[in-house]
Structure formats: C-alpha cells, structure tokens
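K.L.:
Working from the sequences, and respecting the hints, build out all of it.
Counting from 1, position 114 in the sequence shown corresponds to residue 114 in the UniProt record's numbering; the numbering is continuous, with no gaps.
Rather than coming from a laboratory, the hints here were simulated on the basis of the structure.
This one's a predicted model, so the numbers in the text were calculated from it and none came from an experiment.
Treat each hint with caution, since some may be false.
To be verified - If you anchor each label on the Cβ, the simulated ranges turn out as follows:
| no. | residue 1 | residue 2 | range |
| --- | --- | --- | --- |
| 1 | R227 | S256 | 30 to 36 Å |
| 2 | P111 | T250 | 22 to 28 Å |
| 3 | R227 | D292 | 32 to 38 Å |
| 4 | A183 | R261 | 46 to 52 Å |
| 5 | K212 | D160 | 35 to 41 Å |
| 6 | R295 | K212 | 38 to 44 Å |
Unchecked claim - Lysine to any residue pairs mimicking SDA-like chemistry, simulated, CA-CA at most 25 Å apart:
| no. | residue 1 | residue 2 |
| --- | --- | --- |
| 7 | K212 | A270 |
| 8 | K267 | D216 |
| 9 | K212 | A374 |
| 10 | K267 | E298 |
| 11 | K212 | V254 |
| 12 | K212 | L224 |
| 13 | K267 | G304 |
| 14 | K212 | D344 |
| 15 | K212 | L352 |
| 16 | K212 | P97 |
| 17 | K267 | T214 |
| 18 | K267 | A252 |
| 19 | K212 | D231 |
| 20 | K212 | D320 |
| 21 | K267 | R277 |
| 22 | K267 | D113 |
| 23 | K212 | P373 |
| 24 | K267 | T324 |
Backbone N, C-alpha and C define an ideal beta-carbon position, used for all residues, glycine too.
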Amino acid sequence: MAGRYAPRPRRAPAPGGTGVPAAPPGPPRTATGHATGVAAGHPAHVPGPVPAGHSTSVPAPAPAPAPAGHAPRVPAPVRAGASAAGSRRRGWVPPWPLDLGLTLGPLRRGPGDPTFRATPDGAFWRTCRTPEGPGTLRITACGGAVEAEAWGSGADWLLDRLPILLGEQDDPDAFTPRHRLLALTRRRRPGLRLVRTGLVMESLIPSILEQKVTTDEAYRAWRLLVRAYGDPAPGAPAGLRLHVVPEPRTWARVPSWEWHRAGVDGKRSATVLRAVRVAPRLEEAAGMAPEDARRRLELVPGIGAWTSAETVQRSHGAPDAVTTGDYHLPGIVGHALADRRDADDAEMLELLEPYAGQRHRAARLILLSGRTPARRAPRMTPRDIAPL
1 MAGRYAPRPR RAPAPGGTGV PAAPPGPPRT ATGHATGVAA GHPAHVPGPV
51 PAGHSTSVPA PAPAPAPAGH APRVPAPVRA GASAAGSRRR GWVPPWPLDL
101 GLTLGPLRRG PGDPTFRATP DGAFWRTCRT PEGPGTLRIT ACGGAVEAEA
151 WGSGADWLLD RLPILLGEQD DPDAFTPRHR LLALTRRRRP GLRLVRTGLV
201 MESLIPSILE QKVTTDEAYR AWRLLVRAYG DPAPGAPAGL RLHVVPEPRT
251 WARVPSWEWH RAGVDGKRSA TVLRAVRVAP RLEEAAGMAP EDARRRLELV
301 PGIGAWTSAE TVQRSHGAPD AVTTGDYHLP GIVGHALADR RDADDAEMLE
351 LLEPYAGQRH RAARLILLSG RTPARRAPRM TPRDIAPL
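P.N.:
As structure tokens, this is what we get:
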C-alpha cells in the first residue's frame, strides 16, 4: 500500500490545474434540491465540442443556465443519426473541492500501467471492462467543473457513474482528526476523496499480483500481461498504449509459461485462476457492504486480509479498510503517530483505533503527510524468475 500512495511524480500542470475548487452557486433548484431541468438523481450531461472524426450518439441537450460569473457554454453541432462508436460527453460540477490526482491515484499501478494514464495536459485516462463492455474514460477538471469523455460499449456506464467514481458518496466530514499531523494534512489536501469504481476484478487481480513482492515486480507483471492479453482501449490515442483488462475467460487461458515470463510465481497465478473461475460471484460483491465484500473475496484460497482490503479500497471507496500485512505501512503509521518506526500490525491498529470507521482514510492522510521514516536498509532487489 505504501508505495502505491507515495507522492506522485511531477507533471506539467494543466491550465487551471487538475484540482477542482468548491463549486460556485449553481442554477436555480427545485423543491427536491436538484437543478432545474435535470431528472432527480441524474446530473446533467454537458454538451461540448465533438473531436474531429467522432460524434455523439444522443442529441445535444439544451444548455443549462450558466453559474454566476461564468459565460454560458455553447453546444457544438451534432449530426443526426450519429454513430454509437463515437464518443460520449458529460460535465459535472462537484459541490466540494476535488483533486483528481489524489482521488484517482490509487487506480494507477505503476508508471507504465496500460489501464491508466495521466497526461501532461492535465487529463486522466482510465480503461475498464464494465458490465456493458469495454470502455475508455478521459477526465479533466478546470474552473470548478469536471469534464468527461468516454468511448466504447461501456461509455454510458462510465459516464453515469462519474460522480460516484470521484467520491460523491464519500463522506470526509465523518473523519475527525485527533493528531495534529492529520489535521494539518487534511487542511492541506481538501480535494482528497476516496475513489469508488464499482468494479471488483479489475482491482482484485493486480492486488493478487502484488502479494509479497516488490511493487516494481508487480507493476511489471501487470503491464506485460495486460498488454499481451487485454484489448486495445476504444477511442484512446495509439501513443498512450492503453488496454482494457482481459476478460476472466482470457485470464484463465494464459499459459503457465507466460505467467513465468512475467515474473509471477505459481502461487499467485493459481490464486488469479481460482478467482477468475468465480468472477461473476466476486463481481457481485461490488453491491455489498465493504466488510461483506471482503468476506466473500476471502473465501477464495490465496486471498487474505491484505488483498481484500486493497481491493475494496478501490471498488467500494471503503474508508475503514485499513491494509494489514503490509511490509511498510505499520512502520509508517507508527512513526507518524507515535515515533515508533518498528511498529507491527497490532501496534498500528491500536494507534488507528481512535479512527475506527475511517482507518483507511487516516492511513491515506499519513502517507500524504510526507512524515515517513528514513530508509535504513537498501531497497529490496526485484527478483526475476523468468530465467529459472
């Protein structure tokens, strides 16, 4: 966990930044609290320019009233009978500060992740296999608004769930800092929301690959296997080299020597194979409470508390799913909260007890604080089992 939530590498900032400040006063609202002209429970789809060679599959909606101080958006012309293969767009204005990098960062499995990319223009690209099929999602933020564009048969699913993905159902106010370090970090990172994908297998499989190895080894295995067996991401520029994760039946057909070449030992590959055989049942866990979802995942031999926590942190946005069994995290938490860099899981859980219900959020804030113990030993050398 610790390595994946470390500070992000620097990127060229987008105009206006990738963080979204709190939204200005919006358009008039009805008695139900929803913006006028929008069906209850459904944020408006905001029309935007259609890239060359793309089209939208629905007629452009009438432009919504512009917020105070903002010029009204002018929708681009839409061709009648547009192809469903074109992109779909959606706009959303979060009513609270939002930092896209902090929120989406946990979905990134290393700098070469074929399913996730942050580009110099401030955009975040994500691919996934939705219940409706593969999809690609591009998200940008500027001026208090989030703009999203999606491609593929999963485009509608991705756009419909955009607010949930970005933390609409998260409740940071439920967290009460009891240490000065966490209070300061929370104040400095107001845009942190816990991501919630609503998809289990896409987070479970890379978490299995990360069991008891260095992050570099796990990231390499994920990169090689997804590029070899995943599908090209619909709508994504070729230069990004984005792929959609393989289907469960494709994972089940990966030859044993390909796992070996990717550096995945027999124990981890066998766990992945056991998981994909019951993928529909595991995917159902997305609709369960986090603790119930973890219990279902842990019924699969080879999936324990570490793996289930890492999965529901992303699939459910689970604020209390603290990672146990991690090589680094107990020492980081112990050092930050009690100056005990040699803390074990039991001591970490004791220190996090005041944050019951929000222990994962507390751990995220600690990792973002930068207060980590100095390295005392050389970095673990990644193993290469391919020549064996």
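K.L.:
For every hint, state whether the structure bears it out.
P.N.:
Cross-check of the supplied hints:
In this structure the hint that R227 and S256 lie 30 to 36 Å apart at CB is violated, the actual value being about 19 Å. At roughly 25 Å, the beta carbons of P111 and T250 sit within the given window of 22 to 28 Å. At roughly 34 Å, the beta-carbon separation of R227 and D292 lies within the given 32 to 38 Å, and the hint holds. Taking the beta carbon of each, A183 and R261 are about 48 Å apart, inside 46 to 52 Å as hinted.
Look at K212 against D160: about 37 Å separates their beta carbons, and that is inside 35 to 41 Å. Separated by about 22 Å at the C-beta atoms, R295 and K212 break the suggested range of 38 to 44 Å. Taken as a hint, the K212 and A270 pair is honoured in the structure, with Cα atoms around 15 Å apart against an allowance of 25 Å. Pair hint K267 plus D216 holds up; C-alpha atoms about 18 Å apart against a cutoff of 25 Å.
For the suggested pair K212 and A374, the alpha carbons sit about 22 Å apart, so the restraint of at most 25 Å is met. Restraint check: the Cα-Cα separation between K267 and E298 comes to about 15 Å, which is no more than 25 Å; the hinted pair holds. Our distance criterion of 25 Å between C-alpha atoms is met by K212 and V254, whose separation comes to about 22 Å. Proximity of K212 to L224 is assessed by CA-CA distance (about 19 Å); at most 25 Å being required, the pair is judged to hold.
Note on K267 and G304: the hinted pairing holds, with a Cα-Cα distance of about 13 Å set against a maximum of 25 Å. In summary, the hint linking K212 to D344 is supported, as the alpha carbons are separated by about 16 Å, within the 25 Å threshold. In summary, the hint linking K212 to L352 is supported, as the alpha carbons are separated by about 24 Å, within the 25 Å threshold. With a CA separation close to 36 Å, the supplied pair K212 and P97 exceeds the 25 Å bound.
For the hint linking K267 to T214, the alpha-carbon distance of about 16 Å falls within 25 Å, and the restraint holds. Between K267 and A252 the alpha-carbon distance is near 15 Å, which keeps this suggested pair within the 25 Å criterion. Distance hint between K212 and D231 is unfulfilled; the C-alpha atoms sit about 28 Å from each other, more than 25 Å. Restraint check for K212 and D320: satisfied, since their Cα atoms lie roughly 22 Å apart, inside the 25 Å limit.
The hinted pair formed by K267 and R277 meets the criterion: a straight-line CA distance of about 16 Å does not exceed 25 Å. Simply put, K267 and D113 have alpha-carbon atoms about 23 Å apart, close enough for the 25 Å limit, and the pair holds. For the hint linking K212 to P373, the alpha-carbon distance of about 21 Å falls within 25 Å, and the restraint holds. Between K267 and T324 the CA atoms are separated by roughly 20 Å; this keeps the pair inside 25 Å, and the hint holds.
Consistency note: the structure conflicts with the earlier hints numbered 1, 6, 16, 19.
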